[in-house]
Amino acid sequence: MRLKQRGVDLVIRLTAVPGRVGWVARRLLGWTEPKDINELYRMLLGRRPEPSEIEAKLGTHWRVALGDLLSSEEYEHPQEEDFAARFLERIGAFSISVDVTSKQLDRLFQDTRNYWQAAGSDVQTAYWSVLSADAWLGSQNRDQVLAFYETGRGNAESLIGIAENLRPDFCLSEARVLDFGCGVGRVLRHFVGRAAHCEGWDFSRSHLQLLEDNFNDLFQLDRSAFATRMLDSPDLEPIDAEFDFAYSLLALQHNPPPVMARMLRILLRSLAPGGLALVHLTTAPAIEGYAFSLDEYHKAEHRRMEMHALSRESIFDIAREEGVTVPWARYTNWCGPSFLNELIAFAKTD
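When you line the sequence shown up against my numbering, it's residues -11 to 338, in that order.
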């Protein structure tokens, strides 16, 4: 613990060093820079901050700065037409290609799988890779793991509520439910035993193994109460099970755009006639500077937790091609200030 604190103290001292060293140190601590503050004000309030506002938030953690703005009177009571126009302008202007060859997609897919497999195999990152808050970084004891799973309860209840509002005839006890990109089953845990059938699909065998172990050891769930499936190829075999309700939360945005697009197609193809999917997607960068290049992506020596976006144009093209409609969408703030992200509903006709 002392060694860790000395490391933090060193990084804090380095924040005062001019140039690249100081910039990197401030980024490691999550401190905001003037550019971050400008972008947060532009994204959330539609204006540039005053010098005094920049000074007040300079050096705070970005989560604190974001939280202050989200709870401000100016954000809570905006001019709705202006806010909607700014939001739509940002997502409408964003475009990124997801067109790759089968060989290129397969390489991206396997690189992505390898990253998630490694993250799930390491006890230091297994839970953090699902919910990237500092509390879940490191080895977790039994009580901590139980607390981790409890964070999924609210997500599950929100999803059920949205499904019931969009589909008044939705009945959870009769529904076949799919958690797409389930990780260790943080949210799926709260559907098992309540839905007629539950499955979790994921890239990573190590995450699925942890899901199965925890469901059995911590929650005494019989293996017959749920199923898992490994997403081991961008060209999955035909799906026998058709799901009445599918969801994906905090998962797809951590994969390259061509992989995001392919996974969205697979998810939508899993729906039964009349089925409903709720998918969390990043739809545009909120801060300038994001781009995706296949060549540049493959130059990276080591994979890390990434953030990417899939344009609304691509999302609606996929929905149309897969024979589903988009009856509802809601902006969320689940991914921090760097990307605009939405929870989007997809409905398959009967």
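It is worth saying that the hints were derived from the structure and are not from the lab.
Predicted model, so just to flag it, every value in this text is computed and none were measured.
Among the hints, a few may not be true.
Pair by pair, the computed Cβ-Cβ distance ranges are [to be verified]:
#: 1; residue 1: 213; residue 2: 280; range: 37 to 43 Å
#: 2; residue 1: 49; residue 2: 110; range: 34 to 40 Å
#: 3; residue 1: 337; residue 2: 49; range: 30 to 36 Å
#: 4; residue 1: 204; residue 2: 87; range: 25 to 31 Å
#: 5; residue 1: 286; residue 2: 61; range: 32 to 38 Å
#: 6; residue 1: 260; residue 2: 47; range: 39 to 45 Å
#: 7; residue 1: 35; residue 2: 90; range: 42 to 48 Å
#: 8; residue 1: 120; residue 2: 286; range: 21 to 27 Å
#: 9; residue 1: 120; residue 2: 218; range: 33 to 39 Å
#: 10; residue 1: 43; residue 2: 315; range: 23 to 29 Å
#: 11; residue 1: 320; residue 2: 156; range: 22 to 28 Å
#: 12; residue 1: 91; residue 2: 61; range: 36 to 42 Å
#: 13; residue 1: 337; residue 2: 131; range: 43 to 49 Å
#: 14; residue 1: 221; residue 2: 120; range: 36 to 42 Å
Just so you know, even glycine gets a beta-carbon here, dropped at the ideal spot from N, CA and C.
Hint check:
1. Look at residue 213 against residue 280: about 39 Å separates their beta carbons, and that is inside 37 to 43 Å.
2. With their beta carbons about 25 Å apart, residue 49 and residue 110 fall outside the hinted range of 34 to 40 Å.
3. Look at residue 337 against residue 49: about 46 Å separates their beta carbons, and that is not inside 30 to 36 Å.
4. A hinted range of 25 to 31 Å is violated for the C-beta pair residue 204 and residue 87, which are about 43 Å apart.
5. A hinted range of 32 to 38 Å for the beta carbons of residue 286 and residue 61 is inconsistent with their spacing of about 47 Å.
6. A hinted range of 39 to 45 Å for the beta carbons of residue 260 and residue 47 is inconsistent with their spacing of about 52 Å.
7. For the pair residue 35 and residue 90, the beta carbons lie near 46 Å from each other, so the given range of 42 to 48 Å is met.
8. One distance hint, 21 to 27 Å for the beta-carbon pair residue 120 and residue 286, holds here, with the actual separation near 24 Å.
9. Here the CB-CB span from residue 120 to residue 218 is close to 23 Å, at odds with the stated 33 to 39 Å.
10. Remark: the range hint 23 to 29 Å for residue 43 to residue 315 is contradicted by a beta-carbon distance near 45 Å.
11. A beta carbon spacing of about 24 Å between residue 320 and residue 156 agrees with the range 22 to 28 Å that was offered as a hint.
12. The beta-carbon spacing between residue 91 and residue 61, approximately 54 Å, falls outside the hinted interval of 36 to 42 Å.
13. Between residue 337 and residue 131 the C-beta distance comes to about 46 Å, which sits within the given range of 43 to 49 Å.
14. Evaluation of the 36 to 42 Å hint for residue 221 and residue 120 yields a failure: the beta carbon distance comes to about 26 Å.
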